[in-house]
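Asker: Now for the letters of each chain:
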Amino acid sequence: MALRGRHFLAGWLVFLLAILAWVTARNTAAHVLARELAELREERSAREAERAELLRRIREGSSLGTLRPLAEELGLRLPADSQVIILQQPVREPR
Amino acid sequence: MAKTEVRLRVVQIAFALGVVALVARAAQVQLGEGRRYAADAEARRTERVELPAARGTIYDRAGTPLAITQERHHVGIAPNELTDAAAATRLLQSALGLGEREVRLALRRRWAYFHGPFSAAQVHELRRLRGIHLTRTYERFLPDPDFALPVLGRPAAEGREASGVERLLDSVLAGTPGSAVVLRDGEGRVYESPSRLDAFPVPGDDVYLTLDAQVQEIVETALADALERFRAAGGDIVVLDPHTGEILGLASRRADGSQPATAFTSVFEPGSTAKVIVAAGLLVNDLVHPTDSVWGENGRWRLPYRVLEDEHPVQWATLEHAIQVSSNIATVKFAERLTRTQQFRIMRDFGFGTPTGVDVPVESRGRLPLPQDWSGTTAQALAIGYEFSVTPVQLAQAYAVIANGGVLFRPALVKRVQAPGGAIRYEHRPEPVRRVVTPEQAAQLLVMLRGVTLEGGTGTGAAMAQYEVAGKTGTARVAGPNGYIPGAYTAIFASIFPASDPQLVLVVKIDEPHGGYFASITAAPVTRRVLEQLLAARTNALDRRRLARPAAPSPTQVIAVDPGVLPMVYAWPDTARDADTASRTVPNVAGLSFREAVERLHRRGLRARVEGQGRGRVARTRPAAGGAVAPGALVVLVGR
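Chain order of the listed sequences is F and S. Per our numbering, residue 1 is the first one in the first sequence, and the count goes up by one each step. Per our numbering, residue 1 is the first one in the second sequence, and the count goes up by one each step.
Just so you know, the hints here were simulated from the structure itself, not pulled from any lab data. Given the structure is predicted, the values throughout are model-derived calculations rather than measurements. Every residue, glycine too, gets a C-beta built ideally from N, C-alpha and C. Hints may be right or wrong, so weigh each one.
What follows is a list of derived Cβ distance ranges for each label pair [to be verified]:
no., chain 1, residue 1, chain 2, residue 2, range
1, F, 67, S, 79, 47 to 55 Å
2, S, 455, F, 83, 19 to 27 Å
3, S, 20, F, 28, 39 to 47 Å
Go ahead and model the full structure; you've got the sequences and the hints to work with.
Answerer: Written out as structure tokens, the structure reads:
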């Protein structure tokens with residue numbers, strides 16, 4: 001009876017430890033995930049900032065204000081409307 | 001022995017009393033004052049903070065970002081927490097672009113702070129350092145700071161009111177802030193506590209404008225060039241899709257760099273560009289025949305109160321010829337066939353003297369005097385574009401009527417509002433206000449405007465080799481506080497491109513050009529240059545398939561085959577052509593302003609007439625709200 005009592009107590013202790021270990025593992029995993037999430041969010045913010053800066057540079061680089069002087073230096077000019085050829089899409093004949 | 005026991009007993013009792021006192025005090029603290037202490041500790045260690053929501057992005061119609069929200073940071077440093085101060089100093093210098101001395105001096109203090117604000121990319125490397133504390137904030141970032149600025153405006157900031165689209169759609173763009181409880185240490189520094197997040201911040205909706213970034217850049221550059229070339233005081237350019245009312249490009253600029261009135265608020269007398277409105281009035285009231293001619297007085301006509309002169313003298317002129325050479329005399333003579341009411345009504349129908357209803361916070365209605373306020377010469381003045389004023393957008397809206405086959409559309413600046421998840425909250429659909437002229441009459445007016453850019457017309461400066469441009473020049477004197485300013489003119493060219501199958505309406509207005517002020521040599525060539533650039537650009541504002549295909553035999557046919565643009569229901573009030581003949585109910589407009597009520601009736605496909613002065617709010621309607629009426633039926637609005 002006494003032995004059973006000790007086993008019973010040991011069983012409860014093991015069970016308690018298992019529960020505690022499970023809770024701790026869950027908390028640890030949650031913390032790891034939270035940290036990863038925070039890092040990813042920071043990474044995304046950094047990439048968004050870089051994207052915004054690149055957008056600005058693209059807009060500046062492709063603007064008429066930048067391109068036109070370069071084109072004029074190269075002897076290029078805006079085509080007259082008669083020099084813009086729009087190809088007509090061929091019409092498919094019905095079979 | 002006995003003494004020892006007594007001593008032991010005393011010690012035990014003392015110990016027991018001590019334990020009891022301790023337990024009693026603990027019970028008092030925990031049970032009696034526990035809540036107060038807990039609240040006090042909570043208040044010291046935690047704080048409820050509002051988490052700002054990211055403001056929605058503003059895009060052009062093709063998805064090019066025009067105004068975005070960027071995460072920015074202020075940097076706080078606790079020097080005593082730094083593990084390697086030298087490495088931290090180097091990193092702070094390189095990442096934040098700060099000077100070595102500045103960083104060293106700051107790190108000598110207990111708490112160093114760099115306001116910045118710094119971008120997320122700049123502070124990214126700093127995050128892994130212990131002792132660095134970042135405060136996040138959101139800031140508006142414009143990839144091109146000057147791009148369409150009067151239209152976009154700015155969000156409200158300390159000491160500055162919001163403006164433009166940022167103001168109009170603030171509630172949509174702003175989003176909903178979240179809230180969280182954060183941990184705070186003894187120094188007052190805040191630590192994020194993800195488990196205590198009460199409400200996630202909801203980012204604002206994204207707004208897609210009708211503007212096309214490429215068209216916008218072309219018109220902004222063309223306007224800047226024109227102001228420099230003609231040494232003009234200022235100007236405006238508007239590009240509009242006549243079939244939807246969507247504004248594709250909009251530039252306003254003053255040569256002195258001051259903040260200009262926008263194309264929605266800058267008013268001017270339209271001069272000869274208004275002559276086509278007289279022609280429309282004559283056609284609508286069946287008062288002119290294509291072969292009718294009037295005597296052009298050889299370019300000079302003395303009237304009782306004024307002398308009219310023509311820049312291009314004519315003898316006998318048909319209405320078409322009068323428009324082509326912009327004859328003031330012939331136009332006034334034709335306009336005399338209209339009654340005051342007819343002349344006023346056609347101008348009102350084209351949208352003059354009333355706000356267009358475009359999505360901007362501030363818009364001018366221009367000025368159109370009521371017939372009872374006209375003097376003896378007002379009818380003549382109105383016919384040639386004086387004694388009333390318009391905005392560039394109103395003028396573009398009026399020419400769009402001719403371009404699209406006769407329907408006045410409400411101009412639009414907002415194409416779509418989209419939730420962060422992708423759900424469409426609003427999508428612009430063309431909003432017809434009224435049918436002004438029939439498709440046949442619009443076609444006749446378009447023919448008249450085509451003649452302006454042909455040989456002998458005043459708008460040959462806008463003519464292109466391969467495509468036909470329809471348009472009308474206007475050169476109007478500039479009114480000042482003491483009458484017209486000597487030598488000051490406004491040059492305007494309102495055009496439709498291409499004339500064979502209209503896709504765009506352009507209004508180019510140049511204020512006080514020098515060295516030749518006529519629109520034929522100022523605004524018209526600027527129009528051609530804008531069109532050439534649009535043709536050469538890769539913008540989708542022009543449908544090149546339609547440009548490539550052969551011209552349609554008549555504009556009316558073009559409208560009929562144009563897919564999904566002008567459903568025939570818009571043909572109101574030409575009920576014979578209406579496809580939608582189902583009866584509709586009169587909406588309840590009681591309590592609304594007269595303007596809102598009229599708009600609501602128009603959208604329901606009903607006509608409106610205001611009884612009385614039209615001031616205050618609507619009390620009731622005749623027929624009453626809820627009654628069934630035919631499409632295009634007249635609803636009388638009665639005031640309180």
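Asker: Compare the structure with each hint and give your call.
Answerer: Okay, the hints, checked on the actual structure:
no.	hint	in the structure
1	F:67 x S:79: 47 to 55 Å	49 Å, holds
2	S:455 x F:83: 19 to 27 Å	22 Å, holds
3	S:20 x F:28: 39 to 47 Å	42 Å, holds
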